[in-house]
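Participant: One-letter residues, chain by chain:
4 protein chains.
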Amino acid sequence: MEINGVQIDDTFAEGFPIKVARVLITAVTERWALEAAREATGFGTSVIGCPAEAGIECVVGGDETPDGRPGVNILICNMGYKNLETSLLFRLGQGVLTAPTTAAWSGLPEAEKQFDTGKKLSFFGDGYQKQAELYGRNVWKIPLMSGEFVIEQSFGAVDGIAGGNFLILGQNQMAALTAAEAAVNAIGKLKGSITPFPGGVVSSGSKVGSRYKFLKASTNTAFCASLRADGVCTLAEDVSSVYEIVINGLDREAIQKAMNAGINAACRVPGILKITAANYEGKLGAHQFPLHAVLE
Amino acid sequence: MEINGVQIDDTFAEGFPIKVARVLITAVTERWALEAAREATGFGTSVIGCPAEAGIECVVGGDETPDGRPGVNILICNMGYKNLETSLLFRLGQGVLTAPTTAAWSGLPEAEKQFDTGKKLSFFGDGYQKQAELYGRNVWKIPLMSGEFVIEQSFGAVDGIAGGNFLILGQNQMAALTAAEAAVNAIGKLKGSITPFPGGVVSSGSKVGSRYKFLKASTNTAFCASLRADGVCTLAEDVSSVYEIVINGLDREAIQKAMNAGINAACRVPGILKITAANYEGKLGAHQFPLHAVLE
Amino acid sequence: MEINGVQIDDTFAEGFPIKVARVLITAVTERWALEAAREATGFGTSVIGCPAEAGIECVVGGDETPDGRPGVNILICNMGYKNLETSLLFRLGQGVLTAPTTAAWSGLPEAEKQFDTGKKLSFFGDGYQKQAELYGRNVWKIPLMSGEFVIEQSFGAVDGIAGGNFLILGQNQMAALTAAEAAVNAIGKLKGSITPFPGGVVSSGSKVGSRYKFLKASTNTAFCASLRADGVCTLAEDVSSVYEIVINGLDREAIQKAMNAGINAACRVPGILKITAANYEGKLGAHQFPLHAVLE
Amino acid sequence: MEINGVQIDDTFAEGFPIKVARVLITAVTERWALEAAREATGFGTSVIGCPAEAGIECVVGGDETPDGRPGVNILICNMGYKNLETSLLFRLGQGVLTAPTTAAWSGLPEAEKQFDTGKKLSFFGDGYQKQAELYGRNVWKIPLMSGEFVIEQSFGAVDGIAGGNFLILGQNQMAALTAAEAAVNAIGKLKGSITPFPGGVVSSGSKVGSRYKFLKASTNTAFCASLRADGVCTLAEDVSSVYEIVINGLDREAIQKAMNAGINAACRVPGILKITAANYEGKLGAHQFPLHAVLE
Numbered sequence: 001m002e003i004n005g006v007q008i009d010d011t012f013a014e015g016f017p018i019k020v021a022r023v024l025i026t027a028v029t030e031r032w033a034l035e036a037a038r039e040a041t042g043f044g045t046s047v048i049g050c051p052a053e054a055g056i057e058c059v060v061g062g063d064e065t066p067d068g069r070p071g072v073n074i075l076i077c078n079m080g081y082k083n084l085e086t087s088l089l090f091r092l093g094q095g096v097l098t099a100p101t102t103a104a105w106s107g108l109p110e111a112e113k114q115f116d117t118g119k120k121l122s123f124f125g126d127g128y129q130k131q132a133e134l135y136g137r138n139v140w141k142i143p144l145m146s147g148e149f150v151i152e153q154s155f156g157a158v159d160g161i162a163g164g165n166f167l168i169l170g171q172n173q174m175a176a177l178t179a180a181e182a183a184v185n186a187i188g189k190l191k192g193s194i195t196p197f198p199g200g201v202v203s204s205g206s207k208v209g210s211r212y213k214f215l216k217a218s219t220n221t222a223f224c225a226s227l228r229a230d231g232v233c234t235l236a237e238d239v240s241s242v243y244e245i246v247i248n249g250l251d252r253e254a255i256q257k258a259m260n261a262g263i264n265a266a267c268r269v270p271g272i273l274k275i276t277a278a279n280y281e282g283k284l285g286a287h288q289f290p291l292h293a294v295l296e
Numbered sequence: 001m002e003i004n005g006v007q008i009d010d011t012f013a014e015g016f017p018i019k020v021a022r023v024l025i026t027a028v029t030e031r032w033a034l035e036a037a038r039e040a041t042g043f044g045t046s047v048i049g050c051p052a053e054a055g056i057e058c059v060v061g062g063d064e065t066p067d068g069r070p071g072v073n074i075l076i077c078n079m080g081y082k083n084l085e086t087s088l089l090f091r092l093g094q095g096v097l098t099a100p101t102t103a104a105w106s107g108l109p110e111a112e113k114q115f116d117t118g119k120k121l122s123f124f125g126d127g128y129q130k131q132a133e134l135y136g137r138n139v140w141k142i143p144l145m146s147g148e149f150v151i152e153q154s155f156g157a158v159d160g161i162a163g164g165n166f167l168i169l170g171q172n173q174m175a176a177l178t179a180a181e182a183a184v185n186a187i188g189k190l191k192g193s194i195t196p197f198p199g200g201v202v203s204s205g206s207k208v209g210s211r212y213k214f215l216k217a218s219t220n221t222a223f224c225a226s227l228r229a230d231g232v233c234t235l236a237e238d239v240s241s242v243y244e245i246v247i248n249g250l251d252r253e254a255i256q257k258a259m260n261a262g263i264n265a266a267c268r269v270p271g272i273l274k275i276t277a278a279n280y281e282g283k284l285g286a287h288q289f290p291l292h293a294v295l296e
Numbered sequence: 001m002e003i004n005g006v007q008i009d010d011t012f013a014e015g016f017p018i019k020v021a022r023v024l025i026t027a028v029t030e031r032w033a034l035e036a037a038r039e040a041t042g043f044g045t046s047v048i049g050c051p052a053e054a055g056i057e058c059v060v061g062g063d064e065t066p067d068g069r070p071g072v073n074i075l076i077c078n079m080g081y082k083n084l085e086t087s088l089l090f091r092l093g094q095g096v097l098t099a100p101t102t103a104a105w106s107g108l109p110e111a112e113k114q115f116d117t118g119k120k121l122s123f124f125g126d127g128y129q130k131q132a133e134l135y136g137r138n139v140w141k142i143p144l145m146s147g148e149f150v151i152e153q154s155f156g157a158v159d160g161i162a163g164g165n166f167l168i169l170g171q172n173q174m175a176a177l178t179a180a181e182a183a184v185n186a187i188g189k190l191k192g193s194i195t196p197f198p199g200g201v202v203s204s205g206s207k208v209g210s211r212y213k214f215l216k217a218s219t220n221t222a223f224c225a226s227l228r229a230d231g232v233c234t235l236a237e238d239v240s241s242v243y244e245i246v247i248n249g250l251d252r253e254a255i256q257k258a259m260n261a262g263i264n265a266a267c268r269v270p271g272i273l274k275i276t277a278a279n280y281e282g283k284l285g286a287h288q289f290p291l292h293a294v295l296e
Numbered sequence: 001m002e003i004n005g006v007q008i009d010d011t012f013a014e015g016f017p018i019k020v021a022r023v024l025i026t027a028v029t030e031r032w033a034l035e036a037a038r039e040a041t042g043f044g045t046s047v048i049g050c051p052a053e054a055g056i057e058c059v060v061g062g063d064e065t066p067d068g069r070p071g072v073n074i075l076i077c078n079m080g081y082k083n084l085e086t087s088l089l090f091r092l093g094q095g096v097l098t099a100p101t102t103a104a105w106s107g108l109p110e111a112e113k114q115f116d117t118g119k120k121l122s123f124f125g126d127g128y129q130k131q132a133e134l135y136g137r138n139v140w141k142i143p144l145m146s147g148e149f150v151i152e153q154s155f156g157a158v159d160g161i162a163g164g165n166f167l168i169l170g171q172n173q174m175a176a177l178t179a180a181e182a183a184v185n186a187i188g189k190l191k192g193s194i195t196p197f198p199g200g201v202v203s204s205g206s207k208v209g210s211r212y213k214f215l216k217a218s219t220n221t222a223f224c225a226s227l228r229a230d231g232v233c234t235l236a237e238d239v240s241s242v243y244e245i246v247i248n249g250l251d252r253e254a255i256q257k258a259m260n261a262g263i264n265a266a267c268r269v270p271g272i273l274k275i276t277a278a279n280y281e282g283k284l285g286a287h288q289f290p291l292h293a294v295l296e
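Chains as they are written, first to last, in this note's numbering: chain A, 1 to 296; chain B, 1 to 296; chain C, 1 to 296; chain D, 1 to 296.
Be careful, since some hints might not be right.
Copies of the same chain are indistinguishable here, so a pair counts whether it falls within one copy or spans any two.
[Unchecked claim] Straight-line distance between alpha carbons at most 16 angstroms, and here's what the computed EDC-like set of lysine to aspartate or glutamate pairs gives:
#1 Lys191 / Asp251
#2 Lys130 / Glu148
#3 Lys189 / Glu64
#4 Lys207 / Asp10
#5 Lys257 / Asp63
#6 Lys191 / Glu148
#7 Lys130 / Asp116
#8 Lys207 / Glu281
#9 Lys283 / Glu148
#10 Lys119 / Asp238
#11 Lys213 / Asp251
#12 Lys130 / Asp230
#13 Lys119 / Asp10
#14 Lys120 / Glu64
Quick caveat, the hints were computed from the structure, so don't treat them as lab data.
Nothing here was measured: the structure is a model prediction, and the numbers come from that model.
Build out the structure end to end from the sequences listed, making use of the hints.
Facilitator: Right under this line is the structure:
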């Protein structure tokens with residue numbers, strides 16, 4: 001299979017289950033909604049070393065938000081609902097409540113699982129917090145020095161998927177990186193998915209395990225062009241750099257749409273030689289995303 | 001005392017000791033260095049609820065970096081060196097090693113306290129990591145799918161200061177917010193300090209303690225204009241919104257310079273009525289920064 | 001009439017006919033498409049002193065572009081088709097052909113009026129240019145040092161409208177300015193319209209005529225708060241700053257939708273006291289846009 | 001000669017004389033100063049087809065501006081002082097006077113040549129403009145709807161240089177483009193020079209003349225990799241894309257420093273094979289900049 005002359009490997013990406021909450025942050029301008037979203041989702045690339053996986057899902061206009069102001073949807077992901085509740089509490093409390101002019105709305109009001117994060121954060125009002133109905137939502141109003149912070153009482157979460165991915169093989173590093181940027185850009189316009197790594201791009205793809213007992217993941221040696229002389233690199237001769245895009249999403253369909261849009265965007269960048277995906281022969285995750293199927 | 005017609009309160013900001021590490025991130029372009037810096041310093045506003053306090057110190061040109069590429073200095077702060085070492089390990093491992101084209105250099109090579117974070121992260125190379133001297137620095141080269149990641153063996157840290165601050169009292173919220181943006185902008189050009197809150201601005205200034213046993217800090221009621229009718233607001237009648245700038249830094253001088261630059265910038269924004277500072281009568285911290293003194 | 005507590009004046013905006021061309025610029029990334037769009041639409045606020053009125057209409061994803069790459073729609077406006085053709089030729093030749101990785105596509109392929117701008121620019125290929133059909137479009141391929149530039153043979157233009165507008169009256173300058181930013185942001189998501197002034201905002205609204213024979217427009221004294229003592233300011237006492245949003249568009253509907261979205265966004269910013277519009281009692285233009293009607 | 005393994009051709013860049021004015025734009029925030037600067041310098045790549053050549057020189061902090069607010073220096077260039085005066089009048093009148101919260105200050109107060117652009121624009125005040133001394137400068141205060149616009153009476157200009165340049169030869173287009181971005185980034189931190197093309201990069205380098213009588217410049221066929229089969233391309237086999245950086249500056253030293261910084265930055269990007277420069281055997285311009293000399 002080929003897209004725009006770029007070969008698409010007949011393989012699959014391997015993802016795993018994760019719990020996902022979605023929060024809609026609104027603010028006086030899109031710029032301030034984005035500042036809050038960045039702080040709340042920062043230090044959130046992988047649960048291997050971060051307290052959560054998190055990212056910006058998409059920007060929405062005032063016609064899609066309860067208060068008519070511009071907004072940003074974020075996804076926060078963690079292993080198990082208990083960890084996720086903790087992540088929500090601290091990331092909204094420290095990254096959104098603290099951010100100028102913001103309000104926080106549940107992005108999954110219909111979900112079965114609901115956390116009363118808004119109620120918990122409302123105690124910051126020191127007795128002056130007030131419950132109210134606003135735009136049909138059950139909210140808390142918390143008095144702040146700068147104004148009033150509005151947060152919904154409950155935030156919903158669902159069983160989602162982490163680790164959707166594809167790999168971009170380039171003639172050189174700048175071709176692969178620009179293709180990765182184009183892919184992240186395309187995925188950033190879709191609902192239901194995030195690319196949680198820095199700027200959406202993974203520079204350091206890993207394999208499961210290592211030669212060290214204390215290390216559960218290590219550099220994906222088979223894809224390191226610099227290890228050709230060591231005999232462990234399996235890349236074709238003309239490939240000199242590989243970037244990975246990792247995608248978390250609310251469901252299978254969101255991951256599939258993101259992979260489709262991302263791969264199509266990457267294949268339009270000159271210097272890309274091949275697209276493949278990372279899997280661990282089914283050892284890591286229950287979810288398989290065959291590249292040829294998601295691109296149909 | 002007045003600056004540009006804005007009254008400066010005769011009071012002081014109260015800070016407290018914190019341990020601070022400085023890391024210089026370089027990358028192929030300033031844009032990618034910034035992406036890594038944002039990820040590594042995100043979810044880092046206050047140690048009350050974040051695993052560290054962190055922020056971007058300043059951008060530096062290729063003439064100030066070991067490898068001649070553009071760079072961004074970040075500061076990572078935590079209570080105690082043990083916590084700080086953990087923060088460094090995870091924030092560099094998850095936010096910089098993972099980011100396209102980056103390298104990580106110690107920003108405090110002369111500090112007495114040194115952590116071997118680079119050595120620890122080098123194991124990700126799964127045996128293919130190599131120690132080397134590069135630009136006079138002792139580094140590790142770790143093979144990645146995308147290329148080679150270079151990280152210095154050791155990162156220095158010092159006894160720094162957290163909680164430097166000032167408050168901007170505005171005729172309305174947009175005046176106070178724009179002044180806060182101008183202040184953060186000015187501080188962002190200085191070395192040695194960060195403004196760790198979202199976009200550099202604190203929307204939710206707090207007082208020590210609350211009426212709830214489980215809550216150690218709560219909204220600063222005396223500065224909440226919306227609580228006038230409740231009799232707890234002590235703001236003048238014409239003030240309707242207050243934003244706070246919180247500053248962490250390497251030493252007293254860095255905090256003082258940042259307060260000076262930030263206050264001067266804020267006072268040039270129309271609609272600002274007064275500048276004051278947050279203190280807790282000396283209960284919180286050992287460091288006092290009198291506004292009139294830092295503005296001399 | 002009120003929106004979110006802000007009074008909407010019962011008046012109308014007065015626009016005038018202008019010729020409008022739409023160009024879709026695609027590039028390897030959205031960022032580079034935007035760079036080209038900014039250059040091509042710069043120095044384009046008002047035909048009073050600029051060689052054209054121009055601006056960014058909206059960003060579009062790869063699913064809406066002929067070549068599947070990210071794109072930016074721009075509008076270029078001028079008095080008369082002859083002037084417009086000149087503007088197209090020079091702005092595409094100097095601002096898009098010169099910009100990295102771009103291609104230029106007609107945004108109005110169905111329009112009756114068509115200019116062969118692509119053909120004219122193709123001579124830059126010095127004989128090596130080639131005509132081709134690409135994605136169902138009739139294009140020229142021009143060899144460049146950096147690669148190949150693709151431009152459509154013909155670009156369409158229509159009778160459009162300039163001077164759609166509304167005025168934002170604020171308690172102070174920062175409130176009015178932030179509301180203007182929010183309005184521009186909202187309009188920027190819509191198709192068919194641009195806000196051609198710097199950052200989309202007009203700081204210096206004008207009246208027709210002046211006391212000097214050589215000057216056809218001068219500061220709108222009735223709306224200058226600083227001229228209260230001179231007896232020419234008609235603003236209410238509590239208003240101290242006014243920003244104007246000027247909108248050009250492909251047709252009446254585009255202007256109306258933009259005014260509706262912009263006014264609604266502005267009214268959600270604290271410190272806004274009133275929305276009105278600029279008209280010249282019908283002396284300037286044939287198109288009237290009553291505020292209450294566009295907001296229904 | 002080599003930098004970081006990249007060969008530097010033993011050739012020279014050829015520039016030509018141009019008149020240059022420098023304007024310092026200040027605003028309430030750096031962001032708004034940049035919006036004004038972009039509008040005022042847009043549609044300004046080459047005097048071949050633009051009414052001027054213009055660009056952003058650098059951003060300056062409040063410690064370097066008369067009014068203590070953040071600022072942006074721009075350069076406006078034209079052939080002859082008469083054309084330059086016209087460009088100043090219209091670009092400041094349409095792009096800076098119209099932009100929110102700006103003031104305009106002369107960036108060359110010591111220059112022998114001075115234009116009374118501020119005085120001319122002051123008539124927009126319709127009789128309510130006032131002359132004053134402010135921060136030691138002779139200024140006009142013009143009442144606007146949004147506030148007061150301050151502009152210096154006179155703006156200085158000097159004999160400068162256009163067409164400083166270098167060419168970046170890459171293994172592929174994305175490598176060459178990223179190197180161009182890194183170069184522009186480095187030059188953007190220096191005083192005295194601009195890179196007037198879109199995003200600072202020239203995608204369509206040209207040779208003097210063409211096979212068409214009406215066209216004075218055409219694609220630089222010797223550097224077009226796509227014309228290899230036509231026998232006119234003189235590039236080495238491994239080069240597939242070339243970007244040019246064009247630099248205008250106040251004097252020889254500014255051009256030399258910019259070329260030095262830009263080339264050094266470009267050579268640190270993977271995939272760059274060679275740096276050369278564009279000249280026309282002395283036919284075009286009086287100024288020669290030998291690459292080896294500027295890099296010493």
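Participant: Cα distance capped at 16 angstroms. Does Lys207 pair with Glu281 within a copy, between copies, both, or neither?
Facilitator: within (11 angstroms within a copy, 54 angstroms between copies)
Participant: Go through the copies and call it for Lys191 and Glu148: within, between, both or neither, with a Cα cutoff of 16 angstroms.
Facilitator: Neither: 29 angstroms inside a chain and 34 angstroms across chains, both beyond 16 angstroms.
Participant: Go through the copies and call it for Lys120 and Glu64: within, between, both or neither, with a Cα cutoff of 16 angstroms.
Facilitator: neither (26 angstroms within a copy, 44 angstroms between copies)
Participant: Given a CA cutoff of 16 angstroms, do Lys189 and Glu64 count as a within-copy pair, a between-copy pair, both, or neither?
Facilitator: both (15 angstroms within a copy, 12 angstroms between copies)
Participant: Have a look at Lys130 and Asp230 and pick one of within, between, both or neither, based on CA distance no larger than 16 angstroms.
Facilitator: between (65 angstroms within a copy, 13 angstroms between copies)
Participant: With 16 angstroms as the alpha-carbon cut-off, assign the pair Lys191 and Asp251 to within, between, both or neither.
Facilitator: within (11 angstroms within a copy, 31 angstroms between copies)
Participant: If the cutoff is 16 angstroms on CA atoms, where do Lys283 and Glu148 land: within, between, both or neither? Let me know, please.
Facilitator: neither (49 angstroms within a copy, 28 angstroms between copies)
Participant: If the cutoff is 16 angstroms on CA atoms, where do Lys119 and Asp10 land: within, between, both or neither? Let me know, please.
Facilitator: neither (49 angstroms within a copy, 38 angstroms between copies)
Participant: Indicate which option fits the pair Lys130, Asp116 if close means a Cα-Cα distance not exceeding 16 angstroms: within, between, both or neither.
Facilitator: within (15 angstroms within a copy, 49 angstroms between copies)
Participant: Under a CA distance limit of 16 angstroms, which applies to Lys119 and Asp238: within one copy, between copies, both, or neither?
Facilitator: neither (57 angstroms within a copy, 32 angstroms between copies)
Participant: When no copy is specified for Lys257 and Asp63, does a C-alpha distance of 16 angstroms or less occur within a copy, between copies, both, or neither?
Facilitator: between (24 angstroms within a copy, 12 angstroms between copies)
Participant: As a check of your reading, is Lys207 near Asp10 (CA-CA no more than 16 angstroms) within one copy, between copies, both or neither?
Facilitator: neither (19 angstroms within a copy, 47 angstroms between copies)
Checked against the numbered hints given earlier, the structure breaks hints 4, 6, 9, 10, 11, 13 and 14 and satisfies all the rest.
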